[in-house]
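There are 2 protein chains.
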Amino acid sequence: MTVPSDKLSPAQFLQHQLQEVITLLDKQQLETSLVQRGPATNHELIEAVLHKQHKTRLQDKFAQLHPADIAYILESLPLDQREIAWDAIKSELDGQVLLEVSDAVRQTLISGMEAEELATVASNLDTDEIADLAADLPKRAMLKILRSLNSKERLHLNTILAYQENQVGSRMDFGMITIRDDLNLKAIKAYIRKLGKLPSNTDKLFVVDQDNRVKGILPLQRLLTHSPFKHVSDVMVTDFVMFQVDQEISEASRAFERYDLISAPVVDSNGELQGRLCVDIILDFIRDKSDEDILTQAGVGEEEDLFSSVWKSARNRWSWLIINIITAFASTRIIGLFEDIILQLVSLASLMPIVAAMGGNTGNQTSMLIIRSLALGQISSSNVHRLIKKELTLAVLNGIFIGFIMGFLGFLLYRDWALSAVMAIAMFINLMVAVVVGLGIPLFRHKFGKDPAVGASVMLTAITDSMGFFIVLMLASLFLIK
Amino acid sequence: MTVPSDKLSPAQFLQHQLQEVITLLDKQQLETSLVQRGPATNHELIEAVLHKQHKTRLQDKFAQLHPADIAYILESLPLDQREIAWDAIKSELDGQVLLEVSDAVRQTLISGMEAEELATVASNLDTDEIADLAADLPKRAMLKILRSLNSKERLHLNTILAYQENQVGSRMDFGMITIRDDLNLKAIKAYIRKLGKLPSNTDKLFVVDQDNRVKGILPLQRLLTHSPFKHVSDVMVTDFVMFQVDQEISEASRAFERYDLISAPVVDSNGELQGRLCVDIILDFIRDKSDEDILTQAGVGEEEDLFSSVWKSARNRWSWLIINIITAFASTRIIGLFEDIILQLVSLASLMPIVAAMGGNTGNQTSMLIIRSLALGQISSSNVHRLIKKELTLAVLNGIFIGFIMGFLGFLLYRDWALSAVMAIAMFINLMVAVVVGLGIPLFRHKFGKDPAVGASVMLTAITDSMGFFIVLMLASLFLIK
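Chain order of the listed sequences is H and X. So that you can map any letter, position 93 of the first sequence is 93 in this note's numbering, and since no number is skipped, the others follow by simple counting. So that you can map any letter, position 187 of the second sequence is 187 in this note's numbering, and since no number is skipped, the others follow by simple counting.
Extracted from the complex, chain H is given alone in its bound form:
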């Protein structure tokens, strides 16, 4: 298998592989078009041969690559070329590649496949991998796959599918090796030799009793460094981290970071071993979650295939834009109500958007810090009051500072003391509002068991905008208009 060597960095390596595939694809497409266009001439035969040659070279190319690299290449290819490339990948690799591509690209690949093909693909996968694909597979293919599994595999598959995406149970695999504690290390080594192969991420063996309850773990490290005549019970570690099937995966991922885990047992409520959770899954989870957070923040609903149809992308983004235009209309209605004030003091039209925007900015700072601290579990009932006090004090300082700048710049522009004072006070009040809202939305959502991040920024902006306009116009009508 070709992997990044010391000559090329991982990213250069990928770019290089992508370029080679594109060159092969371009040649093949050129010839395909020649063959299809040309009448039956002597050339045709030669071209057909050439075409076949390039296809074989493409197949050889893919056969050398890691499934994750093939996935990267497929994601970087436009739809027509992607289809040709997908055909050139050996069917044994198809399953691994489907696991590695993004959801959006997986759908484009699966949509062109028959149920039988998909069942064959699945036969090369472990049950936990089939479970990963299950949501994207057509029903007919899924039935075929279920029928081809033995009863243990079917049980495993159903176990995983029974859990929600955010639960540990949905991300576990069944690659754990279990041993009894009354054997000596020599026997364990002989057992492993007989197995012939260890699943990836095996850094420890799980020691279970007769009821399949986990009593301890035996790190390979200890297996290798202790005398072969010692018993597992003497060598095993008994203070180890394990997870419940129904725990949140985000919580488990924090535990992996905290305790530097490679793999850990997953048990049910009776303490019986159900599977294991591995660090590669945790890495993928953290990356997906962070990408998702950033995209959701920007209002891109779900992961987009870079080359999906324009219509699909448009639908993905419109719901966000519609929400935003409606909230924007709602908050600017405040301005509509005060049109006579603006006619009397037109400088308000250019000054009030500043007050509104700064409210959004400070509120966002507060809410982001709170959302992150909630995610880290750093906020508890014992310290939330101190935190609120600190943010409110900060808001007063911010309000004075930014309010002063607002008043000063306003005076520079309009040379009107009263106007400047009103703008400074309006800024102060709106920043206080912003911090209260920026604290309140995530804390309340969290208190009621909801994701504190969802919708925080839209709601915040809607409130700080309308309050910003309202405060400025109200103060102006009270103090500036005769």
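Hints may contain errors.
The list treats identical chains as interchangeable, and a pair is accepted whether it falls inside one copy or across any two copies.
[Stated by the list, open to error] Only pairs whose alpha carbons sit at most 20 Å apart, straight line, appear in this in silico DMTMM-like list of lysine to aspartate or glutamate:
1) Lys55 <-> Asp136
2) Lys215 <-> Asp182
3) Lys289 <-> Glu248
4) Lys289 <-> Glu257
5) Lys289 <-> Glu251
6) Lys389 <-> Asp451
7) Lys52 <-> Glu251
8) Lys90 <-> Glu117
9) Lys482 <-> Glu114
10) Lys230 <-> Glu83
No lab work stands behind these hints: they were computed from the structure.
Use these hints to put chain X onto chain H, whose structure you have.
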């Protein structure tokens, strides 16, 4: 050591530990105040004993906890209690705890320590761990530490410190085990037995030649499953991933995800082995990066200690707010230039902020997708044109759709066909501007080797706001004002 069992989830476990520590701290503080206040009575002696008892219980508590959990507890404590807790932690653990706390909290802990104390703390750490702390240590402590190291350790430390934070070299450790390929597996096993302990994250041994160049890797898996009489050269893997010391850590982290690595060799430009990179460091890197991205996006300069002084937090957030108020003033100056237009058609005051805001929203969607695709390495010279074409087509669709909604809602409010048409067209144009800017900023920054994400949203908002105001007011002055 106490770790999350199957009774408590990791987060519940942490909350529980924190609560216990706080209870102990509260008792101790209460007694401290009694002892300090009270005159010399008979009670004093009893109280002093009680105080000591609680301190011992606190020490015992911390001695049972994982350094990462202690770090979590320290981060969740307000400054005064944090200091008392820090004193109660055994000095052997201090180093590990300092490594686990956030930068901001680390500074509060280190600031209260003498150079000698810090040197003692460092003596319990590996050189790569000392390097992690180096930036936060006072110069005097660092000199003391350097003097206490042997020449090999000093070389290691200097090697790591020579690389920038974003390079692989700065994150490597020296825990690799190297072997020669002419030995058989039995000899390797004997060697490991003699070592007595394997560094954490050891999933493979590195096979080097006499010049310390990496020829292959020997996964522990193979060591355990192959015959002890086979030679390393027959069993080792020769297509393996390795990294250059000066490669970007973000690139290496993508490779860890892609190839499911636990550890990998790091070599210099001559191919000589320098160290190894492990998955626990990669996990921390990905988490830190994602937290940083989100906080930077919101204008929180750097990680904040939840309980740091208000002044410190204020300074951390002000630079962002100042940048924003200045750009807000700049873009609203456009409105100032057109005040006579607004006086003639005051409805523009409430309609134009909508056009400006929607430009920001759509531009943000585009730029976030581009920034993410650039980070994933999915954008290359071969597909960038297709991508630009797609986003522009999408912008036309968005422009028509959102422009139509704008015109429709505008008509509902003001029953003015001409005004509605102008607002719809202004929206269309501003969305086109937004997408061009949203594409342009990250692509250009990337082209010139800069982080595409930095400052993208401020610049984008500044441009879409001012263009939004300008387009509305310009069109209005051309078509609506007689």
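Verification of the hints:
no. : hint              : result
1   : Lys55 <-> Asp136  : neither (29 Å within a copy, 57 Å between copies)
2   : Lys215 <-> Asp182 : within (12 Å within a copy, 40 Å between copies)
3   : Lys289 <-> Glu248 : within (13 Å within a copy, 22 Å between copies)
4   : Lys289 <-> Glu257 : both (15 Å within a copy, 14 Å between copies)
5   : Lys289 <-> Glu251 : both (13 Å within a copy, 19 Å between copies)
6   : Lys389 <-> Asp451 : neither (23 Å within a copy, 36 Å between copies)
7   : Lys52 <-> Glu251  : neither (52 Å within a copy, 36 Å between copies)
8   : Lys90 <-> Glu117  : within (12 Å within a copy, 61 Å between copies)
9   : Lys482 <-> Glu114 : neither (77 Å within a copy, 66 Å between copies)
10  : Lys230 <-> Glu83  : neither (57 Å within a copy, 45 Å between copies)
Violation of the numbered hints given earlier is confined to hints 1, 6, 7, 9 and 10; the remaining hints are satisfied by the structure.
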